[in-house]
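J.: So you can see what is in the structure, the chains are spelled out below.
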Amino acid sequence: MNFPILSSLILLPIIGSFFILFIKSTNKDNPSIKLLALFIGFANFLLSLYLWYQFDSSTHEFQFVENRKWLIGLVNYKIGVDGISILFILLTTLIILLCIISVNQNIKYRIKEFLISVLLMESLMIGVFCSLDLVIFYLFFEGGLIPMFLIIGIWGGERRVYSAFKFFLYTLLGSVLMLIAIISIYWITGTTDFVEIYEQGINVKYQKLLWLAFFSSFAVKTPMWPFHTWLPDAHVEAPTAGSVILAAILLKMAGYGFIRFSLGLFPNASEYFVPFVFLLSLIAIIYTSLVALMQEDMKKLIAYSSVAHMGFVTLGIFTFTQQGIEGSIIQMISHGLVSAALFLCVGVLYDRMHTRLIDKYGGIVSIMPRYAVVFMIFTLGAVGLPGTSGFIGEFLILIGTFQKNFLVAAIASLGIILAAAYMLWLYKRLFFGEIFNSDLKKMIDLNYSEIFILWTLGVLTVFFGFYPDPLLNTIEISVNNLIEVYNLNIQQTNIK
Amino acid sequence: MINNINLIFPEIFISIFLMILLILGVFKKKSSSIIYNLSVLSLIILLALILNLPQNTTENLFNKSYVIDHLSIYMKLIMIASGIFVMLTSSKYLKIIKIYQIEYPVLLLSSILGMMIMVSSNDLIVFYMGLELQSLALYVLASFNRDNILSSESGLKYFILSALSSGILLYGCSLVYGFSGSTNFYLISENIEQIDYGVVFGMVFILTGLAFKISAVPFHMWAPDVYEGSPTSVTLFFSILPKIAALSVFIRFLYVPFINLFDQWQTIIIFLSIASMIFGAVAAIGQKNLKRLIAYSSIGHMGYALAGLSTGSNYGIQSSIIYISIYLIMNLALFSCLFMLRVQNKYYENIEDLSGISKNNPILSLTFLIVLFSLAGIPPLAGFFAKFYIFMAVIEQSMYSLAIIGLLSTVISAFYYLRIIKIIYFDSERFKYDKDHDLGLKLTLAASTLFLIFYFIYPNILTELINKINLIS
Numbered sequence: 001m002n003f004p005i006l007s008s009l010i011l012l013p014i015i016g017s018f019f020i021l022f023i024k025s026t027n028k029d030n031p032s033i034k035l036l037a038l039f040i041g042f043a044n045f046l047l048s049l050y051l052w053y054q055f056d057s058s059t060h061e062f063q064f065v066e067n068r069k070w071l072i073g074l075v076n077y078k079i080g081v082d083g084i085s086i087l088f089i090l091l092t093t094l095i096i097l098l099c100i101i102s103v104n105q106n107i108k109y110r111i112k113e114f115l116i117s118v119l120l121m122e123s124l125m126i127g128v129f130c131s132l133d134l135v136i137f138y139l140f141f142e143g144g145l146i147p148m149f150l151i152i153g154i155w156g157g158e159r160r161v162y163s164a165f166k167f168f169l170y171t172l173l174g175s176v177l178m179l180i181a182i183i184s185i186y187w188i189t190g191t192t193d194f195v196e197i198y199e200q201g202i203n204v205k206y207q208k209l210l211w212l213a214f215f216s217s218f219a220v221k222t223p224m225w226p227f228h229t230w231l232p233d234a235h236v237e238a239p240t241a242g243s244v245i246l247a248a249i250l251l252k253m254a255g256y257g258f259i260r261f262s263l264g265l266f267p268n269a270s271e272y273f274v275p276f277v278f279l280l281s282l283i284a285i286i287y288t289s290l291v292a293l294m295q296e297d298m299k300k301l302i303a304y305s306s307v308a309h310m311g312f313v314t315l316g317i318f319t320f321t322q323q324g325i326e327g328s329i330i331q332m333i334s335h336g337l338v339s340a341a342l343f344l345c346v347g348v349l350y351d352r353m354h355t356r357l358i359d360k361y362g363g364i365v366s367i368m369p370r371y372a373v374v375f376m377i378f379t380l381g382a383v384g385l386p387g388t389s390g391f392i393g394e395f396l397i398l399i400g401t402f403q404k405n406f407l408v409a410a411i412a413s414l415g416i417i418l419a420a421a422y423m424l425w426l427y428k429r430l431f432f433g434e435i436f437n438s439d440l441k442k443m444i445d446l447n448y449s450e451i452f453i454l455w456t457l458g459v460l461t462v463f464f465g466f467y468p469d470p471l472l473n474t475i476e477i478s479v480n481n482l483i484e485v486y487n488l489n490i491q492q493t494n495i496k
Numbered sequence: 497m498i499n500n501i502n503l504i505f506p507e508i509f510i511s512i513f514l515m516i517l518l519i520l521g522v523f524k525k526k527s528s529s530i531i532y533n534l535s536v537l538s539l540i541i542l543l544a545l546i547l548n549l550p551q552n553t554t555e556n557l558f559n560k561s562y563v564i565d566h567l568s569i570y571m572k573l574i575m576i577a578s579g580i581f582v583m584l585t586s587s588k589y590l591k592i593i594k595i596y597q598i599e600y601p602v603l604l605l606s607s608i609l610g611m612m613i614m615v616s617s618n619d620l621i622v623f624y625m626g627l628e629l630q631s632l633a634l635y636v637l638a639s640f641n642r643d644n645i646l647s648s649e650s651g652l653k654y655f656i657l658s659a660l661s662s663g664i665l666l667y668g669c670s671l672v673y674g675f676s677g678s679t680n681f682y683l684i685s686e687n688i689e690q691i692d693y694g695v696v697f698g699m700v701f702i703l704t705g706l707a708f709k710i711s712a713v714p715f716h717m718w719a720p721d722v723y724e725g726s727p728t729s730v731t732l733f734f735s736i737l738p739k740i741a742a743l744s745v746f747i748r749f750l751y752v753p754f755i756n757l758f759d760q761w762q763t764i765i766i767f768l769s770i771a772s773m774i775f776g777a778v779a780a781i782g783q784k785n786l787k788r789l790i791a792y793s794s795i796g797h798m799g800y801a802l803a804g805l806s807t808g809s810n811y812g813i814q815s816s817i818i819y820i821s822i823y824l825i826m827n828l829a830l831f832s833c834l835f836m837l838r839v840q841n842k843y844y845e846n847i848e849d850l851s852g853i854s855k856n857n858p859i860l861s862l863t864f865l866i867v868l869f870s871l872a873g874i875p876p877l878a879g880f881f882a883k884f885y886i887f888m889a890v891i892e893q894s895m896y897s898l899a900i901i902g903l904l905s906t907v908i909s910a911f912y913y914l915r916i917i918k919i920i921y922f923d924s925e926r927f928k929y930d931k932d933h934d935l936g937l938k939l940t941l942a943a944s945t946l947f948l949i950f951y952f953i954y955p956n957i958l959t960e961l962i963n964k965i966n967l968i969s
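Those protein sequences? They're chains X and C, same order as listed. If you count by the working numbering, then the first sequence holds residues 1 to 496, one letter each, in order. If you count by the working numbering, then the second sequence holds residues 497 to 969, one letter each, in order.
Chain X on its own, in the form it takes in the complex (with noise of 0.2 Å):
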């Protein structure tokens, strides 16, 4: 057997939390832990762009498959890649990394713990995205709800003990439904390896209570409007960093998951709810937008943002179309980037104000040039301008949707208006107009790591805009291999 990878991607963080965990930290700022902690993050960053290099994208199969036994006679451990979720490591790695270095700003006090969370975090949603087992995904789905709760509810902010708990208790709720419909799997079909009921199929007549079961799992976490009311609320009260994995891979696990299960494993009941699916999307797109319009608090007007923006992802999912899905998982790459990039954007004028209301600020362009430039650009990045990536998943989901239904795809071409509207007036009321707040003026511009985070997204953001080859490559076999068998389990039934 060759080197296991994909392990060693999920162990590597979970044994660096552990040295880190014995570290001595008497006193308040000790270096070492940061150090050994950037190292990790680094090396597992490095490793990941090495299974990138590795990984052969002209397969469909699962590639770096382990397989060990787990619980005997049930559940396999079973792990592997693909190119659907190959991106969404890459994405954890590089965020991940990301985070660590922006803790120096952010995080002022237990550090150490904050590191040995982000870590673990790290190690969970790698293991969300690489596994191959139905009950393994559910482990690394769920565990994920500890590290958070703790980031959320230990350095957050004024009202953090609501949010975490809102957090926590809306994603568990949702979560329970889904492990009733694992078991249940399990009993229908005698296995919970997804790729084997991939091919075995599961029975029309179960599909629908099991495709709702899966669906309030993820739509929490998506999550879809009914059940995003704990989105602001997270993300306004974590810190910086929390924020940032909230928004730039939590909410991915729902979207992978939709891609992964509900139409991997459920296709006919798929077909059936995508009017419903279209309804909640086009709503979270429209509505959240014209919420977000309305915020006073950036964090929270970028929150709802990231509503709408998986409202597109939706959508691109539940058309079944090349397209569509392609551009879906590019969204959620790009969001992935560029509210990670916003969410620090806002913990930057954070740090040096303390306040996210957005009447406190105006003018800031004079103040903090180079920091206006990095704003801009992912401002254009969530507008969805041409030329950055956010302009790729929007405009294939679009062209995906115009296939299906053509009302649809133009309510949500409205979405992109709003979008610009709401960044826009954002950044216009932040950077423009005259500094009526002598406080702004003290305000020091990014410092290097700051230039050094922002930049890497903000150049990342650029470059898959003008060429999301890369990207597109990766996912292309594995995607167009989805839609044929979704096809075909469609035709199948209906020529029964």
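Wrong hints could be hidden among the right ones.
Label-pair distances were calculated between CB atoms; the ranges are [stated by the list, open to error]: (1) C:Lys855 x X:Ile417: 29 to 37 Å; (2) C:Glu925 x X:Tyr50: 42 to 50 Å; (3) X:Gly157 x C:Lys526: 16 to 24 Å.
Below, a list of computed lysine-lysine pairs in the DSBU-like style, where the Cα atoms sit at most 30 Å apart [to be verified]: (4) C:Lys964 x X:Lys24; (5) X:Lys166 x C:Lys918; (6) C:Lys938 x C:Lys784; (7) C:Lys918 x X:Lys108.
The hints are simulated quantities; they were obtained by calculation from the structure and are not laboratory data. Since the model is a prediction, treat every value here as computed from it, not as a measurement. Cβ coordinates follow ideal geometry from the N, Cα and C atoms, glycine included.
Using the hints provided, position chain C relative to the given structure of chain X.
T.: Just chain C now, kept in the frame of chain X:
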């Protein structure tokens, strides 16, 4: 018959040893420490003796009134092992609250003896004897801290209610005997062929008595008061050993004598299970005292164990046994944490006293965190697997509503576990707890917590032990 005597050698050994200890205690002054240590030693020997029994057969003794099979051996093993840990953790506590007396370990041992008889019994009379032996010892233990008014109250309360439930149970036994013509479980099972209302009534009374012993709703009233009032070490004992014994008797009653009444008792067990899960989750939310909270949480946990029993399959029985095994480890860890909440010889047991301990006692609060998340059933901790097996068994029988209610009540119960974590981690600090704990306590805490964390690496460890327990052929 006498050639099978070696099979009950463990019981004989512990009865004789217990009397020797009592005599030693009477004649030797200031011998409480010796007796305490000797009883731990005797439990270890007992463990070895039971491990030494033939593991792969079902042996019936004394006209089939006493049975040594996989179920009884496994249950005795976990009972005695947890008995050892209970004693290891609580010696310092007993010394500090000044109840470190010779009677304490002797009573513990005799109650363990009673439980061993209960677990092995295959006859109504033998069963009742064992039950009374363990209960009588427990009444005294509950009120052991006699200078403390709460402790006396809890002992009295437990005595009255438990005696009442024993009475109901005994009445049930007499009905069953009257209508089936035998006290032997095998014969009862053979004689109940068509549904006879007398037997059904008897069964309901017996189940009522047993439900009282494992404090399932609606027979749970005693639990919060007794848990709160008794000395913490006794509460720990209460929350583990009698439950194991009662659960195993539950299994034997349901699946040996009353197996033909499956349709009748299934509804009862489902009701008990649902009521306990929901009530345990909801009632714990408002608690201020940690021991009361644990009482409610253990009511809820018993609900899950009963859910496994209600399935009527071997898989369900095994899942219940796994549940109770993991539950006992979680409880051991939780109580070990409680024993550590001590400032200068005073123990604290209110939830508010945990406020902000993560600052001064980081290791303790980390273990609290792990134990509480495990109790809430969040993966990848051991508590999740306990629930996972239960729901596997429940869904196998297509009992979806039970599964959904069970999982929704885990969400509710997650709330109060989270509330404790919130107080530990998010609130401001109040006390700085002492860190000089004795080795036994530290060892128990470390072992149980590590088990909870690392269970997921090799989760077959329990299933391999348990998959031989097949009561339904």
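J.: All hints are to be evaluated individually against the structure, with a verdict given for each.
T.: Hints and how they fare:
1. C:Lys855 x X:Ile417: 29 to 37 Å: Since the Cβ atoms of C:Lys855 and X:Ile417 sit about 50 Å apart, the hinted range of 29 to 37 Å is violated.
2. C:Glu925 x X:Tyr50: 42 to 50 Å: Given range 42 to 50 Å: holds, Cβ gap about 45 Å.
3. X:Gly157 x C:Lys526: 16 to 24 Å: Hint violated: Cβ distance 59 Å, outside 16 to 24 Å.
4. C:Lys964 x X:Lys24: Distance of about 47 Å is beyond 30 Å: violated.
5. X:Lys166 x C:Lys918: Status holds; Cα separation ~13 Å.
6. C:Lys938 x C:Lys784: At roughly 26 Å apart (the allowed maximum being 30 Å), C:Lys784 and C:Lys938 satisfy the hint.
7. C:Lys918 x X:Lys108: Within the cut-off at roughly 19 Å; holds.
Violated hints for the displayed structure, listed by number in ascending order: 1, 3, 4.
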